[in-house]
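Whole structure, please, built from the sequences with the hints as guidance.
Residue numbers (the working numbering): 1 to 133.
Think of the hints as simulated: they come from the structure by calculation, not from any bench.
Computed beta-carbon distance windows for the label pairs:
| no. | residue 1 | residue 2 | range |
| --- | --- | --- | --- |
| 1 | 75 | 22 | 48 to 58 Å |
| 2 | 124 | 92 | 10 to 20 Å |
| 3 | 25 | 124 | 37 to 47 Å |
| 4 | 101 | 47 | 19 to 29 Å |
In this text the structure is predicted, and so the values were computed from the model without any measurement. Virtual Cβ for every residue (Gly too), placed ideally from N, Cα, C.
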Amino acid sequence: HSVIPETETVSVSVVAERLMERYPGGWHSEFGHLGTLSAFIHCHHERLEAHRVGSSLVVGRQGSAVVPPVQLGDGELQELLQYVHSRVPRRGITLTCLGVLVGKWAQDPRLKHAAPSLLHFLRAHPDWFHVAP
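Here's what the structure looks like:
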């Protein structure tokens, strides 16, 4: 069975436990040369998506994570779309740099209410944003 399920999300600590069951020494002894487990997950956003739920980092295969629907009024959503879009230069921008320009997503109640992460927000609005791997 897979360490990360096909259709659900799990905490990174669960993934680490599953790796420990499979490989003596877990992630560190088997794959430590690739960096930390969290960094590896974040760097493989084309296959995995991660977001914070409280203090836990949750991971799932691309498209598996449940994203709560945006609960903003139309005017609020339009304003938020324009706010984020206005920070994207014509030539594009990395997600990390956009995150710096937009601000800390999880700490702004208005942003956090719209989507669990900036990446989720961008992907939820393909008519406004193109997210390249």
